[in-house]
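Work the whole structure out from these sequences, hints included.
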Amino acid sequence: MKKNKRGQFYFIAVIVLVSVFLGLVTLRNQSNLPHHLSLNSEKEQLNLEISSLLDYFSHEKVTNQKEILLNFSNFSIQKVGENKNSFFVFGDLPDITLFGNKLNETSLFVKYDSTNEEITNEGIFQKDYTLSGDNLNLTLDEIEYNFVFYEGENIYYLIKYIYNNQTFIITE
1288 MKKNKRGQFY
1298 FIAVIVLVSV
1308 FLGLVTLRNQ
1318 SNLPHHLSLN
1328 SEKEQLNLEI
1338 SSLLDYFSHE
1348 KVTNQKEILL
1358 NFSNFSIQKV
1368 GENKNSFFVF
1378 GDLPDITLFG
1388 NKLNETSLFV
1398 KYDSTNEEIT
1408 NEGIFQKDYT
1418 LSGDNLNLTL
1428 DEIEYNFVFY
1438 EGENIYYLIK
1448 YIYNNQTFII
1458 TE
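By this note's numbering, the letter at position 54 of the sequence shown is numbered 1341, and the numbering carries on one by one without gaps.
There may be inaccurate statements among the hints.
Straight-line Cα separation of at most 27 Å, DSSO-like style, residue types lysine-lysine; simulated pairs [said to hold, decoys possible]:
{"no.": "1", "residue 1": "1353", "residue 2": "1330"}
{"no.": "2", "residue 1": "1447", "residue 2": "1366"}
{"no.": "3", "residue 1": "1371", "residue 2": "1398"}
{"no.": "4", "residue 1": "1353", "residue 2": "1389"}
{"no.": "5", "residue 1": "1366", "residue 2": "1414"}
{"no.": "6", "residue 1": "1447", "residue 2": "1414"}
{"no.": "7", "residue 1": "1389", "residue 2": "1447"}
{"no.": "8", "residue 1": "1389", "residue 2": "1371"}
{"no.": "9", "residue 1": "1447", "residue 2": "1353"}
{"no.": "10", "residue 1": "1371", "residue 2": "1414"}
No lab work stands behind these hints, which were simulated from the structure alone.
Dropping the structure here:
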């Protein structure tokens, strides 16, 4: 039986080319991966900080909770970057505060009770609301997010930004 050395050469060449191609595809995908991982770490960090803050409120007799939450929200917006739509909704029923950073060309509506209010502010803003119910909805670029407020202090966040032509949303 005669061996076909030429066929073996082409077979190995194809395997090498496919391996190089798969390596390049993997490398490209991994270059985008760290950004996605930073999203998860941002969310975990925010959740940890919020949990610590709420624990602090429950163990100490804090009289200026709103001021502390405003400072926390402002610090968090600065930390994630002012190039992102970032909103924090917090309060103890019936008094709720919306503190956020709204970018240009972003539509934001706040729906509570029977009111549907458009937020026209750009940049960092603060709005205070008095709810008769326990729900507040934020509609950000035509996508609605529902926040339910329970007895005691509550804090929620919504962060939206575009990176590499992809839209990312972080919410709690």
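Hints that the structure is at odds with (numbers, increasing): No numbers; nothing is violated.
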